[in-house]
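Student: Using the sequences and the accompanying hints, generate a full structural model.
Protein chains in written order, with my numbering: chain A, 25 to 308; chain B, 115 to 720.
Among the hints, erroneous ones may be present.
Claimed, not checked - To give an idea of the chain B side of the interface with chain A (calculated C-beta under 7 Å), a few residues:
id, residue
1, A132
2, A135
3, L227
4, V239
5, F243
6, G399
7, T402
8, P405
No lab work stands behind these hints: they were computed from the structure.
These numbers were taken from a predicted model, which means no experiment stands behind them.
Note that CB positions come from ideal geometry on N, CA and C, so glycine has one too.
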Amino acid sequence: MTAIINGVLSGSAYALIAVGFVMVYKGSRIFNLAHAEIGAFGLFIAWYLQQHKMPVLIAFVIGIVVSTLVAIIVERTLVRRLVDRTPLAAVACTLGVAFVLAYYEFLQFGVNIKTFPPPFGTFSFNIGNLTVTSSRIMIFVFAAATAIGLAIFLKGTKFGLEVTAAVSDKTLARLSGIRVDRTRMFVWALAGATSGIAAMLIASVNTFTPLSTTLVLIRGLTAALLGGLTSITGAFVGGIAIGVVEALVVAHTTVLGADYTAVFIVLLVALLLRPQGIFGGSEA
Amino acid sequence: MALKRRRAKIGAALIIVAFAAVLFSMTFTSEYTGFVLGLVVVNAVAILSLNLLMGYAGQVSLGQAAFVGIGAFTAAQLAQSNVPFPLPIILAGLFAALVAAGVGLPSLRIRGLQVAATTLAFGAVAQYFLFKRPWTSNAGTSVQVTRPNLIATDKAVLLMGLIGLVVILIIDRQIRHSRIGRAFFSIRDREDTAAARGVKVGPTKLQAYAFSGFYAGVAGGLYAYLLQTVASDTFDVFKSLGYVAAVVIGGLGSWSGAIVSGGLFAGIQQLLSGIARYVPVIEAGLLTLTPVLRPEGLGYILNRSVFVHLPWVKPRQEEGVGDVRSAIELIAPPKRPLSLSVPTRTLLTAKDVGVRFGGLVALHDINMEVRRGEIVGLIGPNGAGKSTFFNAIGGFVKPNSGSIHYRGKDLLALPAHARAGLGIARTFQQVGLSGPQTVWENMMFAQHQLASQYGLTAALLSTPQMRKVEKELQMRARAALEVIGLTDYTEERVLNLSHGNQRLAEVAAAISTGPELLMLDEPFAGVGPEESEQLAERLTELRAELDLTILVIEHDVPLVASLCSYIYCFAEGGMLAEGSPDEVQNNADVISTYIGEPLAKEAAGA
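Tutor: This is the structure:
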């Protein structure tokens, strides 16, 4: 039970990563392998500032801003040139971005293990005999709020509909007066911000290194695929599922790497049995 | 043809030069340099493994280091169990091939690049789980490998590595120049065309993963003997990234570019320790920029700026078939004599065919008969279901009801790739050729079904049988180009051709297979009026010359009327009318839903 609750809480951070990933995919049909790393970059900057005596909440906000800016820069300089290229080109390019950021973090901040304080202070309460800390709850609250907000935004607002339209038919959208480039940039910015939030929230409950932040991508990707790649709800549920699976595995075995193995097996089996994902097909 | 020959020669020349250079330098270099060069060679083999997967077959692997690692640990463990050299390296390759095919399994179910996620996840599994087991790395430490006397020194291992590299390069060449590689290219560029030409898409993907795994495993095996110790944390995500970078910077699908770019980075990192720290950043940066600025990569630049100017690289002139008449004889199958006899035998019958996509009825109650020697037209408004009907014949759409028979054979019982072997050839509404490839390469691939006369082993060993078949394919390709009149564009990339010529090239590709039934999906779309008339004339001639039966989808009613002897008109998924061109053109329903009054009058007047 403890494992499941912990899994749901940490899974919601993966969910947040997955939601951003899906949004970028919907918004530009690009498989953004740099998605998690863009958020991680914001985290490293925030961490650095916090180490230099900046209040954590302000560092947190700056971290979000940095992630957003990085996402915008990547979109403006690279992605817009890739839209009409082969999907493989986009994969290669965004992978390159991810590792440029990762190597930069390596060189600048070192490989030693780091910690980031919870941005909203520390408090905790009990559910039965399980102690839940503030940061874990905040992950969940933030993730759920972001996902719900995005779903409402995409379905219910004019701008959200423009985003959807721009994706499904670029030319038609352009003819209807939608500025496709602008919508895409906005989507990337939004995704960058969520990625930054997710990275900092994950870091506030776990330790982190430049490598560990890179590998968060695996969980995010898996969650997005489980959810069918185009469904925000699906991505969210997928993220929670991955978190629970991981927590259960870690609770039952001390074998190194068992968590990755479990994630891989879940992904493999899911893709073979239900390639369209849990929520595949629906564009919610 | 010329360019292809040229490339092949470059390959041979490069290998010889590199070999000579290394042999020469080995006489005076230190053991350490031998070791560094050995690393570069092993790296090159690993990079080739990813080049095959990504560059040739268009499948992604973000965890390629895992396969190299599996090879390394397999070889190391086998060597420790006293399996004699060089068996461990070969077994390592085979085992890694097996694992890679397993990791590639989801590619059977999902399209596109989502498989990237499984390979990435597998990379992490290998790094954190597999390579920490007692049976791989002695529980997270390392395995020692004792070199046999034959390769006791680093220089000797380098020589062994070079031999391994050359073997892999030869295998790679055989793949590229046979039906195996052409199948890879086809699933990379156009999966639908691939299936229409008889490629089993799923198994071909797995084959690509397996070959890639084999190369990677061999690289791992070589690595084990070179380093004499295989440590648990060698094969990580960053190494996988390095391979992707080398392949992309080298130019996807360019083996020489991949080797050069990989060698460059490995060499710099080993030899210039001052900047070694920054090499990965530079590499990642170039990986980012190459797809944006220079998608063709280093290989293309090398080809253009260096290789073509080398004195021994001379384009070779190919002899043509001669005249059109002998070309026709070449591709017209002998079992069907050239004749314009009255068409009597029914070739294709469709009965009550219905297709539904979810709730949408795309086709219903379609009955059709195509007799041998006819040119049959299929007209109707957009969305009438014409292409869907073609797809039902081709096997890309499964009818919910009815039956389709070809020469009395139940087509619906056969998968798409099996239908290609029956003598049905088709073109696509969106030109079904591979744009990045040359007309020639497309022509060769079009005959995939004929190429299946030789198997994988024959392709790798270049047996006389394989060469005989390839020779025949080349003859047929040349003949078909001659018949269509496209010989001037043989070496042009398809995407550089005019739209009309792309259509012609597609028809050429279709007739090179010696088909009985030719299905053309809007062959005149986007083609100018003059070119259209020429093409129509050519088709009528071809029917006689090659004893073809033609089923053609087209919007231009006067054109269809002049070309066809019988016309079917679809509307909203159903059969609106059928009959002779006159009957259909004067049919009241056809006029009101499709042609429209003024046009009908004009057509009647013309």
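Student: Does each hint fit the structure? Answer for all of them.
Tutor: Each hint tested on the structure:
1. A cut of 7 Å between beta carbons decides the hint on A132(B): the least distance to chain A is about 27 Å, and the hint is violated.
2. At about 31 Å, the closest approach between the beta carbon of A135(B) and any beta carbon in chain A exceeds 7 Å, and the interface hint on this residue is violated.
3. Hint on L227(B) holds. Least Cβ distance to chain A is approximately 5 Å, under the 7 Å limit.
4. Contact between V239(B) and chain A, as hinted, is supported at the beta carbon level, the nearest pair being about 5 Å apart and thus within 7 Å.
5. For the restraint placing F243(B) at the interface with chain A, the shortest Cβ-Cβ distance is roughly 3 Å, inside the 7 Å limit, so the hint holds.
6. The interface hint given for G399(B) holds, since its Cβ lies 5 Å from the closest Cβ of chain A, which is under the 7 Å cut-off.
7. The beta carbon of T402(B) is positioned within 7 Å of a beta carbon in chain A (closest approach about 3 Å), and the interface hint is therefore held.
8. For P405(B), the suggested interface contact is upheld, since its CB lies about 4 Å from the closest CB of chain A, less than 7 Å.
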